Amino acid sequence: MSKPRIATTSLCGCFGCHMSLLDIDERILALAELVEFDKSPINDHKDFTARCAVGLIEGGCANAENVHVLRRFREQCDVLVSVGDCATMGGIPALRNLVPLEECLREAYVDGPSVFNPGGRIPDDPEIPMLLDKVYPAQEVVRIDYHIPGCPPSADTLWKTLTALLGGTSVELPYELIKYD
Amino acid sequence: MSEGPRFTLDGREIPLVPGQTVIEAADAAGIYIPRLCHKPGLEPFGSCRVCTVKANGRSVAACTYPASPGMIVESDTEEVNAHRKLLLEMLFVEGNHFCMSCEKSGNCELQALGYRFAIAAPQLEFQFPVRDVDASHPDILIDHNRCILCSRCVRASRDLDKKEVFGFVGRGPHKRIAVSSGTRLRDTDADVTDQALDVCPVGALLRKRVGFAVPVGQRLYDKVPIGGAPVVPEAPVAEEGRA
Ligand code: SF4
Ligand code: SF4
Ligand code: FES
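Heads up: the sequence lines are chains A and B, in that order.
Quick note: the first sequence uses the working numbering, first residue 1, plus one each step.
Quick note: the second sequence uses the working numbering, first residue 1, plus one each step.
These are computed hints drawn from the structure, not numbers from a lab.
Because the structure is a prediction, the values reported are computed rather than measured.
Just so you know, not all the hints are guaranteed correct.
Said to hold, decoys possible - Sample of chain B residues at the chain A side, in silico, Cβ under 7 Å:
1. 99
2. 100
3. 105
4. 111
5. 120
6. 130
7. 147
8. 223
Cβ coordinates follow ideal geometry from the N, Cα and C atoms, glycine included.
Modelling step: build the complete structure from the supplied sequences, incorporating the hints.
What follows is the structure, given as structure tokens:
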């Protein structure tokens, strides 16, 4: 039987959740035995090669490309897991939801104290994904099957979640592993 | 067992002293009923409804409802807990709770109730309301983003500190905590020693320069759930998404 495939992505996140995944230490070897990594920054595969059993989503949606990737994950994965506070609640990037987008861009590219931008131009190359009005948690964009909070979730939390999912059982975490920080 | 008036709470007979509320009688018997706005020592307020129980089949707030002999109260049931969970989720999405950068994290009663009820992520739409922070006072700040309008500070300032520094203004979604004289905290007689500062369940009313004093792992609710061990030790947290 071929190994189940797993895909991961970092949308509007900081890669901290991926770092936490690597924090499972030598259990990464056991994981490599259990699964085949498909699209993921861990192996740098840019697109899906086959349908996946599990997709891990780090980060919420801040721009059009995040939405595109998230929808693609929903299509290609049997079970989609939101990992971390950014995917589940917006997280730190969602702090910008409290400030109008125009003001954020002006602060970043024009008015900020450390900005040198004599032309005062705000980047608008069509190659750059369009920013959304707000940062959205993943479940406000597509259906998400499981939510794992934490900033980041601990390596133990991710390990327990993955082994439960791959073992076909429901994900149950002990009290100490549910954390919003 | 001593004679005297009793009522039934989740199938257990517990004694009551006339005049006690349901939550007071439960506390005296060592049974935890989840709560947020209620705090022993402050006059009951009954606003958050997290303490909702069914008394003879009717939903009531345990922190304001008087215990009476023979009544049948249900608290730790699937139906009542689902109601509490929904209220907690509403409190989360109605404010701006960025726990990872909050001084109260680990010691916060709202967060701790989220953990106790195994809320992996609120499934209601996040509101991201625009609210301000009043850091005008040299020693104290109010972060309205995290205020859940429980009125504990109002009651403590009025009844314990005898000051009336805090009060509510506005109604409905515009309701907010305000300071009574002037518009900024620095214009009031609020003081860093006020008991009002000790009662805020969340990270809304804070003393400056004391945040993050306790390391992660040693904070109030890092290992032990609020209200003690829940009935089910392994809680299913990563529930199927509902969105
Ligand atoms: S007040 Fe509580 S729930 Fe809100 S951000 Fe702080 S720790 Fe989290
Ligand atoms: S500041 Fe704190 S104590 Fe006062 S109403 Fe808000 S949450 Fe309650
Ligand atoms: S604790 Fe009873 S209504 Fe808030």
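Identify whether the interface hint at residue 100/B stands, where standing means a beta carbon of chain A within less than 7 Å of its own. Holds, about 4 Å.
With 7 Å as the cut and Cβ atoms as the points, is residue 99/B at the interface with chain A? It holds, given that the least Cβ distance between residue 99/B and chain A is near 4 Å, below 7 Å.
Do the numbers back the hint for residue 111/B, that is, is its least Cβ distance to chain A under 7 Å? holds, 6 Å
Go through the hint on residue 223/B and say holds or violated, using the shortest Cβ distance to chain A against 7 Å. holds, 6 Å
Can you verify the interface hint for residue 120/B: is its Cβ closer than 7 Å to any Cβ in chain A? holds, 4 Å
Hint residue 105/B vs chain A: min CB-CB distance below 7 Å? holds, 5 Å
Against chain A, with CB atoms and a cut of 7 Å, does the hint on residue 130/B hold up? Residue 130/B check passes; min Cβ-Cβ to chain A is 6 Å, inside 7 Å.
Do the numbers back the hint for residue 147/B, that is, is its least Cβ distance to chain A under 7 Å? violated, 15 Å
Hint 7 from the earlier list is the only one contradicted by this structure; the remaining hints agree with it.
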